[in-house]
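**Q** Those protein sequences? They're chains A and B, same order as listed. Under my numbering, think of the first position of the first sequence as 1, with each following residue one higher. Under my numbering, think of the first position of the second sequence as 1001, with each following residue one higher.
Do not rely on the hints blindly, as some may be mistaken.
[What the hints assert, rightly or not] 27 Å max Cα-Cα, derived DSSO-like pairs, lysine-lysine:
#  : chain 1 : residue 1 : chain 2 : residue 2
1  : A       : K253      : B       : K1165
2  : B       : K1160     : B       : K1195
3  : B       : K1174     : A       : K253
4  : B       : K1160     : A       : K253
5  : B       : K1081     : A       : K228
6  : A       : K151      : A       : K186
7  : A       : K118      : A       : K87
8  : A       : K228      : B       : K1185
9  : B       : K1174     : B       : K1185
10 : B       : K1184     : A       : K228
11 : B       : K1184     : A       : K253
12 : A       : K52       : A       : K138
13 : B       : K1174     : B       : K1049
14 : A       : K151      : A       : K95
15 : B       : K1165     : B       : K1185
16 : B       : K1049     : B       : K1165
17 : B       : K1195     : B       : K1049
18 : A       : K228      : B       : K1160
19 : B       : K1049     : B       : K1184
20 : A       : K253      : B       : K1075
21 : B       : K1174     : A       : K228
22 : A       : K253      : B       : K1195
23 : A       : K75       : A       : K138
Worth flagging that the hints you see were computed from the coordinates, not collected in a lab.
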Amino acid sequence: MISRLLASLLALLFSATLTAQPVEKNNDFEWGPRPENAVFDPDGLISTKLAKEISNGLADVLKNESIDIMVILLKDLGSAPPEFVAKRFEKAWAKSPFNCVVIFVPGPGNNPLLFPSKEVSEYHNPDEIVAVIAETHKRIADQVGDQEKVKAAAIEAVDMLRYWINTVIITSNTLRHEQEILAYFKERREKRIRYLVLLCIATFIPSVSAVWILVTYLRRLRPALFPKHSLQTRLGAPYAGGNAAVVRLGSRKH
Amino acid sequence: MNLSAKRVRQERYLPHSVGVLSCPACGGTVQASASRCTFCGFTGADSMKIFTAAPPRLLPVSDLASILPSSGVRKIEASLKRLNYRFPQFHWRVMTVALPRDVSPSLFGFWVLNAAPLEDQESAEQRAWTILLVIDTSSNQAAVIPGYAAEPYISDEIWKITLSKIALPWSAGKPTAAIIGFLKKSLRQLELARKRYSVMYVKGRSK
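The shape of chain A in the complex, shown without the other chains:
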């Protein structure tokens, strides 16, 4: 026999498939709109006082940190898997993309189960998330009494999301910072290359001139030869023909 919950869920699923609407927040959900309390306990499975205490705490967390924890206490899930149910609640009631649904069906051997949203787990290693959730479930299971378990589950859910979200924020900040650093170094390198090119251009002509001067000077340092030519003697003189330049120097100071 199909329970009321399961029938509603199936109907919703069918209608969602037909209409292809992405989210049917609060409209077609069988539990209606989200209540004010973060703890949804239609069957009064925990004390009102505890439910209010947990709700107030979770409301503060939602307000200050945008972490949405929904504690769902149901008598029976029917044959629907808890994960499926958690997704339904998340889809219908989540006020923040960073949320976690705590599903608890009190009973012997049952423990609250945590189902964080996809956004929380997107930036982390899936295996790591599974391991962390498994450990969290163990810690919750160690609590004695359903009320203690519910309280522990809410606290663990908040802590878990806080850790993951802050890790993402830190990582993104780090990434952004690293990108800024990379951009800075890239810009600095480009600036240095520009300066180097300008320097090369500016020093090109002086360098070429200096090299030319040096080469000319070094060439002048080497011995230079004039070509030999046939000597034509004249006036019977063997070595010099008599050509001369004479200049009057003026009287010399003694």
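Here the structure of chain A is known, so what remains is to put chain B in place on it, guided by the hints.
**A** Frame of chain A, contents of chain B only:
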């Protein structure tokens, strides 16, 4: 004769020319390979009759007039060494002398260059490449007498320009500085002559 700097620049770019061949006695034009001057009949043998004494040795620096201090002689010899390194073919000789009034330093230089015996390790070819600077302290005249081999590269007019630059230090009583200044300017003239010759040589080779 005082040539302008413009003329010197022009000559730098003129085709190579030895200039006019002149007689050391009368200054008249002499034909190449002429045995005597057509104007005065002068020959080399006549110089031996004019200067009857033995010709002085043609040393690098001969201070016959005793106007140069020993330090000055050393400085001049160092300058000659530099000149000789750069242009090893040319042999430079500097001589100071007090000549009789009616004797020109050019004629004296002609006689010394041809009549002075060759020094040890000096060949006839080297004597032909000699450039002799004669400074006559009696008449305060300076003369440059080049040998046959050195003649074609710098004309007498250029030598005159070069010599005229030493008048100032000479008048100031600095004969060493005057001679060293002349040698430096001669180096510059030879550089120009070599450049001129190189251009002409390349042009000739390309023909």
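**Q** Hint by hint, say whether it matches the structure.
**A** How the hints compare with the structure:
no. : hint              : result
1   : A:K253 x B:K1165  : holds (17 Å)
2   : B:K1160 x B:K1195 : holds (20 Å)
3   : B:K1174 x A:K253  : holds (8 Å)
4   : B:K1160 x A:K253  : holds (22 Å)
5   : B:K1081 x A:K228  : holds (21 Å)
6   : A:K151 x A:K186   : violated (51 Å)
7   : A:K118 x A:K87    : holds (10 Å)
8   : A:K228 x B:K1185  : holds (23 Å)
9   : B:K1174 x B:K1185 : holds (17 Å)
10  : B:K1184 x A:K228  : holds (24 Å)
11  : B:K1184 x A:K253  : holds (23 Å)
12  : A:K52 x A:K138    : holds (25 Å)
13  : B:K1174 x B:K1049 : violated (35 Å)
14  : A:K151 x A:K95    : holds (21 Å)
15  : B:K1165 x B:K1185 : holds (9 Å)
16  : B:K1049 x B:K1165 : violated (34 Å)
17  : B:K1195 x B:K1049 : violated (41 Å)
18  : A:K228 x B:K1160  : holds (24 Å)
19  : B:K1049 x B:K1184 : violated (36 Å)
20  : A:K253 x B:K1075  : holds (21 Å)
21  : B:K1174 x A:K228  : violated (36 Å)
22  : A:K253 x B:K1195  : violated (38 Å)
23  : A:K75 x A:K138    : holds (22 Å)
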